[in-house]
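Trainee: The whole structure should be built from the sequences, with the hints applied where relevant.
Each chain, written out:
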Amino acid sequence: MEFKENKNKSLLVVSDLKIWYPIRKFLSIVGYVKAVDGVSFSVKRGEIFSIVGESGCGKTTLGKGILRLVEPTHGKIFFEGKDVTHIKGKKLREYRRMTGIVQQDPYGAMPPFMSIKTILEEPLRIHKVPKEERNEKIIKALEEVKLVPPEDFLNKYPHMLSGGQLQRVAIARAFILDPKLVVADEPVSMLDASVRVETLLLFKDLQKKHGVSVIYITHDFSTTKYFSNRVGVMYAGHLVEVGLAKEVINNPKHPYTSHLIKVIPDPDPQNRFVLKKTLPGEPPSLVNPPKGCRLWPRCPYAMDICKQKEPPFIEVSPNHFVKCWLYARK
Amino acid sequence: MSARLRETIKLLFKYKSFVIGLFIIMLFIVLSAYAMLTIPYDKAIKMWNSIEYWKDYPKLAYPAWINKFSAKKLPEGTIILDSRKKGLGISKTVQEIVFGGKGVLININMEFNYNYDDFPSEVAMWFYINTTQPMLVKVTWIKPDGTSHLIYKEVLSTYQYYRLTGDLKLISDFTAYITKLLGRKPEYQMTTEIALFAKEDESILSKETIKLVKGRYKIKIEARGDDPNANLDVKVDIYGKVYGLLGTDDKRRDLLIGIMWGAPLALSFGVLASVMTVFLQMIIAAVGAWYGKWVDHLISRVNEIIMVIPFLPLLIMISYFYKFSIWTLLFVVVGLSIFGPGIKTYRAMFLQVREMPYIEAAQAYGASNFRIILRYMVPKVLPTIIPNIVLSVPSFVFLEAALAILGVGDPQAITWGKILDEAYVGGALYWGLYHWILAPSLCLVLISVGFALMGFTLDRVFNPRLREM
Amino acid sequence: MEEILRVENLYLYFRTSRGDVKAADGVSFSVKRGESLAIIGESGCGKTSLARALIRFLPRNVSMYKGKIILDGIDIMKLSDKEFDEKIRWRKISYVSQAAMNSLNPVIKIVDHLVEPLILKNMASKKEAVERAREILKLVGISEDFLDRYPFELSGGMRQRVVIAISLITRPDIVILDEPTSALDVMTQANIMNLLKELKRRFKLTYIFITHDIGTSSELADKVAVMYAGKIVEFGTAEQVYTDPLHPYSKALLNSVPRLHEERVPTFVPGSPPSLINPPEGCRFRPRCPNAMPICVKDPPVVKIGKNGYVKCWLYAKK
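Residue numbers (the numbering used here), protein chains in the order written: chain A, 1 to 330; chain B, 1001 to 1469; chain C, 2001 to 2319.
Hints should not be assumed to be uniformly reliable.
[As the list claims (entries may be wrong)] Quick list of in silico lysine-lysine cross-link-like pairs, PhoX-like style, CA-CA up to 25 Å: (1) B:Lys1380 <-> A:Lys156; (2) C:Lys2197 <-> A:Lys277; (3) C:Lys2138 <-> A:Lys276; (4) A:Lys25 <-> B:Lys1344; (5) A:Lys277 <-> C:Lys2082; (6) A:Lys276 <-> C:Lys2078; (7) B:Lys1293 <-> A:Lys88; (8) A:Lys18 <-> B:Lys1293; (9) A:Lys276 <-> C:Lys2197; (10) B:Lys1293 <-> A:Lys90; (11) A:Lys276 <-> C:Lys2200; (12) A:Lys117 <-> B:Lys1380; (13) C:Lys2200 <-> A:Lys277; (14) C:Lys2138 <-> A:Lys277.
[Unchecked claim] Covered stretches of chain A, going by a simulated chain C footprint (3 or more residues, C-beta under 8 Å): (15) 218-231; (16) 260-269.
[Claimed, not checked] Partner residues aside, some chain A positions facing chain C, computed with beta carbon under 10 Å: (17) Glu54; (18) Tyr157; (19) His159; (20) Met160; (21) Gln165; (22) Ala193; (23) Pro280.
Bear in mind the hints are in silico, worked out from the structure with no lab data behind them. Everything numeric in this text was worked out from a predicted model, so none of it was measured. The C-beta atom is built at its ideal place from N, Cα and C for all residues, glycine as well.
Mentor: In structure tokens:
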């Protein structure tokens, strides 16, 4: 798909990215799970871009692909104008230095046998930050995520901290090398409800302070309103709608997005009297997705063309894109 | 890391099983240290395999402390009478013969006290002769009650070893003498020891009634020769029936030394084999699990193929062509032990660890494959593996012993297995020499129990799921 | 509508190596027939333990289990374990546990999962039970072809429907649902909630719906109980609790929910919920409460609000 974004203005440009997992039986490949099947978007410097979708839509794979934790099968990833899709060795290490990750499970994301100090020191050691600077950076990192006094935390082990505190260590770890891009995959879903907002706001503070771009992957649409500039909605390996967060939430164009938004409950006592309008069925298998638009088996507006040809990405208003035949001009 | 370590160690000591196990192993370590300090390894090997060194020790002796439990006091150690060493009860005179031609007359008188309740196991004499002309040597044996016998009369020109025990002529001469003296034949086949030490009256005729003469015995050796410068020295060994803490074996070796030196060998073989095997298995499993695809396939298939090859028959086969020294044996055993369920199990563990988010995070911040395996995966798996290391030590210790009994193994090494093997071959059970079998067996069992106790506790502590039980 | 369940001062403590976990610490509430009560709170507040206390699924290390549970006029706490099993469990009250859809026995067919409660409670012969299974599967929106399938052949949403069917097949009066949709996608979640609403209306079911997802709880709740550190701090109608919560924790909880359809910016309360082993003296929320007063070191009184509601807070105590 054509991408008219200026590669130089954007920090990250993803162009027709496909990530297919081979299904192996003994030594031969019998099929592919097409987790990401042609995704294009860009992330500007200092922006928070959310990728929203339900489980199995491929958003986690997309996040991992951008960080090169899985190998892209097709397409390109451009970082600061340079093609990083298949780089290896020293170039890959450099890329890793400029990117960071925050994962869903705070306890799983930390080696249980390393102290907090060691955990934060590892990235510094790997990238050969001189010894004298390391301690300073570690203390500063802990202070930035409000784990104070930092000395209290240096010698503790992960199991001694709460989920919220540990996730802050994860955020500190992601920022400690001063990256340009951080991919956060469901960073607060495993935390207590009362701690979620606090953690996200802290993350946002850090992001602003360091001018870092963040790709925020989540299934919770409601948090994207406060935590992102733009949002991309994913369904069955495709991005179906991209735009400003407020715009997409208040004015969803794609049938999937609009149903998703309507279905999410706010705490309203009136909800119990109303049956929510949902899409029937379930997301398709990624091994054999339907031909044409992936939503057509469930879409109330499905037309003949939807069953045959994959819809293009159409700009319905400035910077608001929808992948749907309903908006194609005939 | 050290805080966690201290915590873990404190927890371990709360378990009685660990303390007992550790105590047992410490005992063996102390024993090993003592063995290595008092007799260095090379010296020990030479000593153990030399016949010369043990010449004066009794054969197949029981432990000396059984005398405490028995009414009959068995002779202990060996009474050594050596004319070359000045000592009590030994006198030697050398006279030059002037009349009737040139020559020399040497008289050696030896005296010793014998107050045990039982006969010696053996008696032997050595004649050290330095002469140009043959000498006539006569030996007279005088019992405390005055009876004397000429037991040896030979012409000798060089060194001669004379084993009195089993000398049929001496026995038949004595039997004839007794028959004549008492008018009746003895009811059993007499032995040298009976001839030399029993009271010569009616009691000697029946084995049940033999009486041993206690008191001061005398041995007179007279040698006459034409070489005036000739010299004769005599050594007499009267071998006892008990010796030391653990007795002796059929090669007259003090079993205590064997058992003592078996400890460091068992410990080092067991621990080294165990640690090396588990570590190599771990690294191979980690590499396979991490790199996946064909590397993993290859390792798994090679593992499965080698695993199927029977370990023991292969070793026995190889040992027919090459004799193993104990260290070669160690490497071969480790090499063959690596391939087995161990690699499979550890691979499964590593596959699980590989999926953990923190591994992914490490990749994301640029850790190399090597670093991830060594610093992120191994430490996670290690606590679960440590109990395995400790628990497999006994199996390697037993393996070495089993191999020794099967004849595979270092023929010169001093190991408990070898001692057991020799006990079996030497007919220990047949002769009722239970101490010869029990000493190494108990050591093997005890050291295994020690490691097993420690290992099970470690397993409990490092596998938290088991801790609640 | 008459009252079907009344819980008075229910206590459930269990012993651990570090002390007693006071999971339910004097909990009281009531539910009318055909009504649905949502118990909301964060993880670790004791709501799952409360659910299990109601159906007497107790762990082995219980150190205290007392109080009154009056079901249709009878105090079921006084029943022996055997009587409870025969008369109450899956007869009057059934239970859908957290992520039950993942604990379906993978080697047992769907039909066998469904008939089991009927057979075990001697409520039907095998033939009748299979018929009932067929009916109920249709009721929850699954084709009867799936009777002979195994759990792995069904999607997450379908498995959860099966679990709901299992809980309903013996026609209980009360169904306890512990986080029935937390492992599902939003869309599937909405479908399941729709189903639950339908079933409630049709069979006049009474639900006790336990969740940490405040938004989803409002899909079913007629009454709401807010739980914090083993105690219910506020109990009232859905209208009252969602729109005008009284207890400072209820307020904070509702303010922390990001709202998609409203313009409110979520706020948060610093700190985290206390451990149930050594909760703070007096009011458990005091260390984090913006309205904390000196008197809060004493256990706050239960202040009646409205007909059946209450709030456990000194702010509302009459002086």
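Trainee: Now look at each hint and say whether the structure bears it out.
Mentor: Results of checking the hints against the structure:
For the suggested pair B:Lys1380 and A:Lys156, the alpha carbons sit about 17 Å apart, so the restraint of at most 25 Å is met. Straight-line distance between C-alpha atoms of C:Lys2197 and A:Lys277 comes to about 13 Å, which keeps the hinted pair within the 25 Å bound. Among the hinted pairs, C:Lys2138 with A:Lys276 is consistent with the structure: their alpha-carbon atoms are about 20 Å apart, no more than 25 Å. For the given pair, A:Lys25 sits about 20 Å from B:Lys1344 by alpha-carbon distance, which is consistent with the 25 Å threshold.
Proximity of A:Lys277 to C:Lys2082 is assessed by CA-CA distance (about 45 Å); at most 25 Å being required, the pair is judged violated. Restraint check for A:Lys276 and C:Lys2078: not satisfied, since their Cα atoms lie roughly 42 Å apart, outside the 25 Å limit. A C-alpha spacing of about 19 Å is found between B:Lys1293 and A:Lys88, which places the hinted pair at or below 25 Å, so the restraint holds. In summary, the hint linking A:Lys18 to B:Lys1293 is supported, as the alpha carbons are separated by about 22 Å, within the 25 Å threshold.
For the given pair, A:Lys276 sits about 10 Å from C:Lys2197 by alpha-carbon distance, which is consistent with the 25 Å threshold. A distance of roughly 24 Å separates the Cα atoms of B:Lys1293 and A:Lys90; the hinted pair therefore holds under the 25 Å criterion. Proximity of A:Lys276 to C:Lys2200 is assessed by CA-CA distance (about 15 Å); at most 25 Å being required, the pair is judged to hold. At roughly 18 Å between alpha-carbon atoms, A:Lys117 and B:Lys1380 fall within 25 Å of each other, so this suggested pair holds.
Using a Cα cut-off of 25 Å, the hinted pair C:Lys2200 and A:Lys277 holds, with the two alpha carbons roughly 18 Å apart. At most 25 Å may separate the alpha-carbon atoms for a hinted pair to count; C:Lys2138 and A:Lys277 meet this at roughly 20 Å. Counting residues of the segment 218-231 of chain A whose beta carbon lies closer than 8 Å to any beta carbon of chain C gives 7, which meets the minimum of three for the stated coverage. Three residues within the 8 Å Cβ limit are the bar, and the segment 260-269 of chain A against chain C gives 9, so the coverage statement holds.
Because the smallest distance between the Cβ of A:Glu54 and any Cβ of chain C comes to about 4 Å, under 10 Å, the interface hint for this residue holds. The beta carbon of A:Tyr157 comes no nearer than 17 Å to any beta carbon in chain C, farther than 10 Å, and the hint placing it at the interface is violated. For A:His159, the shortest C-beta to C-beta distance to chain C is roughly 14 Å, which exceeds 10 Å, and the interface hint is violated. The interface hint given for A:Met160 is violated, since its Cβ lies 13 Å from the closest Cβ of chain C, which is over the 10 Å cut-off.
Of the supplied interface hints, the one on A:Gln165 holds, with its beta-carbon coming within about 9 Å of a beta-carbon of chain C, less than 10 Å. Contact between A:Ala193 and chain C, as hinted, is supported at the beta carbon level, the nearest pair being about 5 Å apart and thus within 10 Å. Evaluation of the A:Pro280 hint against chain C yields a held restraint, the C-beta minimum of about 8 Å falling below 10 Å.
Consistency with the previously given hints fails for numbers 5, 6, 18, 19, 20, ordered from lowest to highest.
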